[in-house]
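Here are the chains, one letter per residue:
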Amino acid sequence: MSGFTIENVSKVYGGDLPTISLQHINLQVRDGEFLCVLGPSGCGKSTLLELLAGLQLPTEGDILLDGEKVQGPTRSSGVVFQDASLYPWRTISQNVGLGLELAGMKKAERQTLVDKYLNMVGLEGFSSKYPHHLSGGMRQRAGIARALVSSPSILLMDEPFGAVDHLTRLQLQQDLLRIWQEEKKTVVFVTHDVSEAVFLADRVVLLSPRPGRIHHIFDVPHERPRKREDASLLKIQNDIYSAIYDVKTEADLEFTI
Amino acid sequence: MSGFTIENVSKVYGGDLPTISLQHINLQVRDGEFLCVLGPSGCGKSTLLELLAGLQLPTEGDILLDGEKVQGPTRSSGVVFQDASLYPWRTISQNVGLGLELAGMKKAERQTLVDKYLNMVGLEGFSSKYPHHLSGGMRQRAGIARALVSSPSILLMDEPFGAVDHLTRLQLQQDLLRIWQEEKKTVVFVTHDVSEAVFLADRVVLLSPRPGRIHHIFDVPHERPRKREDASLLKIQNDIYSAIYDVKTEADLEFTI
Amino acid sequence: MGTRNAKKIPSIWAGQVALLLVILGICEVLVRTETVSSLYLPAPSQVFRELFKLFGDGEIWKHLYVTLAEFVAGYGIAALGGLAVGMALVLVPWAERFFRPYLSALMAIPKVTIVPLLALWLGIGITHKISIVFLFCFFTITVNTMTGIKQTADNHLKVAKVFEATRYQTIMKVILPSAAPTIFAALRISAATGLVGALFGEMLASKDGLGNILVKATSLYNTAQAFAIVALVTVVSVLIISLIDWLERSVFLKWKSA
Amino acid sequence: MGTRNAKKIPSIWAGQVALLLVILGICEVLVRTETVSSLYLPAPSQVFRELFKLFGDGEIWKHLYVTLAEFVAGYGIAALGGLAVGMALVLVPWAERFFRPYLSALMAIPKVTIVPLLALWLGIGITHKISIVFLFCFFTITVNTMTGIKQTADNHLKVAKVFEATRYQTIMKVILPSAAPTIFAALRISAATGLVGALFGEMLASKDGLGNILVKATSLYNTAQAFAIVALVTVVSVLIISLIDWLERSVFLKWKSA
Amino acid sequence: ASSQNNGKEAAPSFGDGESAAGAKLEKIRYAPLSGVSGLAVSFGAEKGFFEEEGLDVEFITTKDPIAGLTSKDIDVVDVATTTAIVAAGKGAPVKIVSSMFRTKGPFYLIASPEIQKVEELKGKKVGIAVFGSGLEVYTQVILKEHGLSPGDVTFIANSTHQAAYASLETGQVDATIIHEPFASLAEKEGKGHIIATGWDYLPTFHTGVLAARAGILEEKPELVEKLLRAYFKSQEYAKSHPDEFKTYYLNNIEIDPEVLDLALKREEVLWENNPDVDINALNDTQQIQKELGFQDEIYKVEDILDLRFIPEK
Ligand SMILES: Nc1ncnc2c1ncn2[C@@H]1O[C@H](COP(=O)(O)OP(=O)(O)OP(=O)(O)O)[C@@H](O)[C@H]1O
Ligand SMILES: Nc1ncnc2c1ncn2[C@@H]1O[C@H](COP(=O)(O)OP(=O)(O)OP(=O)(O)O)[C@@H](O)[C@H]1O
Ligand SMILES: [Mg+2]
Ligand SMILES: [Mg+2]
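Residue numbers (the working numbering), protein chains in the order written: chain V, 663 to 919; chain Z, 663 to 919; chain L, 142 to 399; chain D, 142 to 399; chain B, 3 to 315.
Treat the hints as calculated values from the structure; they're not laboratory data.
Just so it is clear, the structure is predicted and the values come from calculations on it, not from any experiment.
A portion of the hints provided could be inaccurate.
[Claimed, not checked] No farther apart than 30 Å at their CA atoms in a straight line, the calculated lysine-lysine pairs in the DSS-like style are these: (1) LYS768/Z x LYS395/L; (2) LYS299/D x LYS778/V; (3) LYS768/V x LYS299/D; (4) LYS768/Z x LYS302/L; (5) LYS222/B x LYS235/B; (6) LYS203/L x LYS348/L; (7) LYS292/B x LYS65/B; (8) LYS348/D x LYS397/L; (9) LYS291/L x LYS395/D; (10) LYS302/D x LYS397/L; (11) LYS348/L x LYS74/B; (12) LYS397/L x LYS768/Z; (13) LYS846/V x LYS302/D; (14) LYS778/V x LYS397/D; (15) LYS395/L x LYS778/Z; (16) LYS92/B x LYS348/L; (17) LYS291/D x LYS395/L.
[Claimed, not checked] Listed below are several chain B residues computed to face chain D (Cβ distance under 8 Å; list not exhaustive): (18) LYS92; (19) PHE133; (20) ILE158; (21) ALA168.
In this text, a Cβ means the ideal position worked out from N, Cα and C, and glycines have one as well.
With the rest of the complex left out, here is chain V (with noise of 0.2 Å):
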């Protein structure tokens, strides 16, 4: 069982001029459920992401996992964070091995899992290489093969495709659906690609702009697989597109362009 209750959520950031990030958010994310997260950049969905880990604690409003209060990081979430965020000391394979190391696995045994991951980004062979050897997409590509490794029951996801060509990125959507039907998670995905969260959610959430709230909720009911040029599908994609638009003209105007 991994869902989230989020209850009556804000977050505000501190400082001279704070800021507010997130705004009286409600939803719950159901145990098992694929859940993409569309906004505008800055509209706190990176914050909505870090809530959920634990990494940050909400201002306002609470946030459950299967009932109870989230206060710090639990090992069954897996986090893909928006930099990669890699060890700049450690080796591809020691950064992606990192949580097996960190629970306590045995090297050998850590290693089949490892290369197995690495494989599967397509990151074979640079196993022994440093991040600052790699390149935007690769540490990228690392970062996820480092959240998948654990196989935590919840996978928080932030843009993990951003910078991955177009291919790869279609390979990765297949492999993620896989180990998600497979292994039964519960996916939080962040993207700006609208057909990538069509292909993949269960429901996808359209946040609005800062501060950010919940301006739509749509259910993708379809079967998997799913075919990308399936007729409904892009029904949904040029709802949600439209929403985008709608968003934009009915909120305050935020950038004067």
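Dock chains Z, L, D and B with the ligands against chain V, hints included.
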């Protein structure tokens, strides 16, 4: 006049296991051209941009800018880095104004320009914040503003809109095209988004997987303003997609998926 | 790191003062009960009396001034010199490789042994003290500067290069801000050791300064006065360190707290 | 930074040796021509002769051993203690706020003046020397450790948190590796000052060790021998620093060069 | 120990600038002995004896008087005789101009209570203050006279004054060479007692002189002459007004008056105030140094003496 001639350029990164990043690249970037670069993650796109910027020197071959060999950075190039690379100790407006400040422009004069570009990328109101107060996409936009504010005649942009939401992205594409047309710049633009490449570019260069070679160059002869839904544009887009799939199958399979 | 808020300050203050009083109290008791001979450890109350006396007759200001002047000059030169040398060694190609053994050697020369030699070459006036302060501070600042500079992120340097920053601009606007914490760590430590250096020099040979009256006090077995002077130096040094902390926080690390 | 290749090494070496010879040559000439009195600056050739003599009779090994033992013990304790205290102050909530003034004060107490006191409490045996070495090293290591830890990137800590790293794991696998350069800077400087501390202690009161024979040499105005000992200490200290450099490069900063 | 200190700062401030009479004073820089051994000088300065001579003395404290002279920062110093001889012998531009108010080492070998005789020190730890110093010479000679060779005991450099006293008190040494008032203090407190008095063993070993830098002897010899006159006048006055001096002493030092009495009394015989420098004594001194391996050659002392300014009695 700001055209690049890339003559048989190769770039090898040293180390215990040397990585051939680029191999035998021959390419003209014409003066005033908008060139997009596509290619799988890790194929050498960022490397190519750094070579053009003079931040790295090729292991083999020459890069000429207007007939002169590129030996180091010149102020005529503005670079948008894949990670924003903002200075954490400077406020956003100080970061954006960096180039002007280094060029010796007075503070008051600077401020107007900085504000203009902060507005353009939708960061008005954040000028006195520090980078760690910003979201990933906001940082990336600050990086774009920093490159644009000095009005360089060449723009080298490494996945500049990667972490930006759909709407903002469309807006920034428009803005970039406007600036490019008004100021007659030469732009080399790395992206993973095929539709973006086709919408923006005069030509699209597709690189093959590591070691990066030129796989194919696509012309996009359409007049501007273009329509995103233009059938002939979509045609080119599809050509590129199939080329991408080709690349993958013909190249010795890099990823064992 | 640094996620603590600033509310508990009054209770912190109270705790600090309480701890101090306890320590002083223990000393007082130890001495009063003659567990420790007052020849070696004076009672805090006595030290306070001596401190009072020192300030009472006003002479102390002159000595304080002399010592501070020596310190400020030597420390200033060491700070500038250490920064300059540290930067030069890292930024000039090959300089570090070439001079590294020399730097290690100079750093390694036991300073205590060459201080008398210095007296010979520089006399026992203010130059002598300034040099000692310099020697006590210079290497720490140099080494930390080098370390700090090497920690500058590569991509930050690339940004500067792209804007064709001059060498001077790169140093002032990229390298120094990013090396600031490491450099300030050295400045903090050196402030303390530098003041000790001034004192040390004065203790060797001098006609005034806090070290001078300290030697007189000890050679007359006036332990309480000696401690009073040591306490005074400690306070001065803490003040200097606080000043440096403040400087760092308000000028260089504004962004961290903001 | 660090984009220099390693090809020119032989010519660097040659240059370094040449510079050294020039310096020694100048000293030799200065003394031979009596521009500088040999009372204070002995001719390098004389110093070499004395060095030879020192090693000739074998006694030197004992003294070297004593001094090194004192150094290693004091330095080791200071390194571990400095790391531990530095970490504790930063990582334990409120600890830094609470103890900062005390740390500044302790750091600021003129060590030279309390060394004689130490003799009183600790005797004049090896414990005394070890404490002096400790005092000479501890604060630099503590302050730099604190600075290094504070430089740990926030997102690196977040990663550790997400994997529920224990406190110990976070320290060992995140904080220390990322603070390593700053800590090593302190270890480098302290190696030099620590050895000086051992010497200083021996010069004050001892029955053997390099500082002991150094005092004998100076009080007998055997300047050449004194310099020989100083040279020896310097060499030892350079060796220790090199060892630390090597350790840093091969264990902690492998990734930088790789 | 008494903790009564009745005011008055420890280091007396000396008048500078002009004398009471308003005559122009001439500057001279002088580094007297520090601590109690230098008290008579500061007492004299307070009495105005230096001003009477037309001198404005800048009193300097230094641990390396020879360096002070060589670097021309000090004109006249109080210095250990052997230090002066060796330094001058090795070419330092300094000359001995007079003996100090005493020339015999005021050193005592004190031992912890259970040790009665020097002979009992066999196999024990003996503090010799500073290696190579006059204090070590005295210790070695005392031990030798009692049939102990350096190999029979362990020598420990335990520093001087309080530090040396502490090392005895805490049992780190079984006996130590030491100055007054610590010998008397040890007896008073029962921490130790004198088992040998230095000058009994070395009646001719010369321990203290005034030395001047060569430059001033050429340029302004009269200043040195005046300084010596004021110096001995101060010493004489202090010696002949014991009560007044004792008061001054007690004002400056926190010490049990009884201990002070004991100490002053014990050393009265040493307070000779005889400026003459006995060449034979200097040679004896060097001889002893050489025998103990503290000096590698015997220097010709005639060249390093300049006794023109010795005040007449
Ligand atoms: N400093 C370096 N040292 C060693 N190898 C490097 C270095 N920088 C890049 N590489 C290697 O060069 C290749 C190309 O890297 P580059 O960053 O140019 O890729 P890219 O096309 O920009 O990829 P991405 O789309 O993921 O950003 C990669 O295989 C990478 O591992
Ligand atoms: N540490 C911080 N201090 C102050 N403000 C912050 C901090 N982190 C984020 N913010 C602010 O909170 C808001 C939301 O940030 P967040 O990173 O959650 O956005 P996001 O939705 O992830 O955006 P993006 O798509 O650009 O990554 C932004 O306005 C940002 O300025
Ligand atoms: Mg984000
Ligand atoms: Mg790239």
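Consistency of the hints with the structure:
Restraint check: the Cα-Cα separation between LYS768/Z and LYS395/L comes to about 23 Å, which is no more than 30 Å; the hinted pair holds. For the given pair, LYS299/D sits about 25 Å from LYS778/V by alpha-carbon distance, which is consistent with the 30 Å threshold. With a C-alpha separation of about 24 Å, the suggested pairing of LYS768/V with LYS299/D holds against the 30 Å cut-off. Straight-line distance between C-alpha atoms of LYS768/Z and LYS302/L comes to about 21 Å, which keeps the hinted pair within the 30 Å bound.
Of the pairs offered as hints, the one joining LYS222/B and LYS235/B holds, with about 21 Å between alpha carbons and a cut-off of 30 Å not exceeded. Simply put, LYS203/L and LYS348/L have alpha-carbon atoms about 11 Å apart, close enough for the 30 Å limit, and the pair holds. Of the supplied pair hints, the one linking LYS292/B and LYS65/B holds, its CA atoms being roughly 24 Å apart against a limit of 30 Å. Note on LYS348/D and LYS397/L: the hinted pairing is violated, with a Cα-Cα distance of about 52 Å set against a maximum of 30 Å.
A hinted pair counts as satisfied when its Cα atoms are at most 30 Å apart, and LYS291/L with LYS395/D qualifies at roughly 15 Å. Distance check on the hinted pair: LYS302/D and LYS397/L sit about 21 Å apart at the alpha-carbon level, within 30 Å; holds. The suggested pairing of LYS348/L with LYS74/B holds, with an alpha-carbon distance near 14 Å, which does not exceed 30 Å. For a cut-off of 30 Å, the pair hint linking LYS397/L to LYS768/Z stands: about 27 Å separates their Cα positions.
With a C-alpha separation of about 24 Å, the suggested pairing of LYS846/V with LYS302/D holds against the 30 Å cut-off. With a C-alpha separation of about 27 Å, the suggested pairing of LYS778/V with LYS397/D holds against the 30 Å cut-off. The hinted pair formed by LYS395/L and LYS778/Z meets the criterion: a straight-line CA distance of about 26 Å does not exceed 30 Å. At roughly 27 Å between alpha-carbon atoms, LYS92/B and LYS348/L fall within 30 Å of each other, so this suggested pair holds.
A threshold of 30 Å between alpha carbons decides the hint, and for LYS291/D with LYS395/L the separation of about 15 Å falls inside it, so the pair holds. Here the hint on LYS92/B is kept, as its CB sits about 5 Å from the closest CB of chain D, short of 8 Å. Hint status for PHE133/B: holds, given a least beta-carbon distance of 4 Å to chain D, under 8 Å. Restraint check, ILE158/B versus chain D: the minimum CB separation of about 5 Å is within 8 Å; hint holds.
Of the supplied interface hints, the one on ALA168/B holds, with its beta-carbon coming within about 5 Å of a beta-carbon of chain D, less than 8 Å.
Of the numbered hints given earlier, the model fails hint 8 alone.
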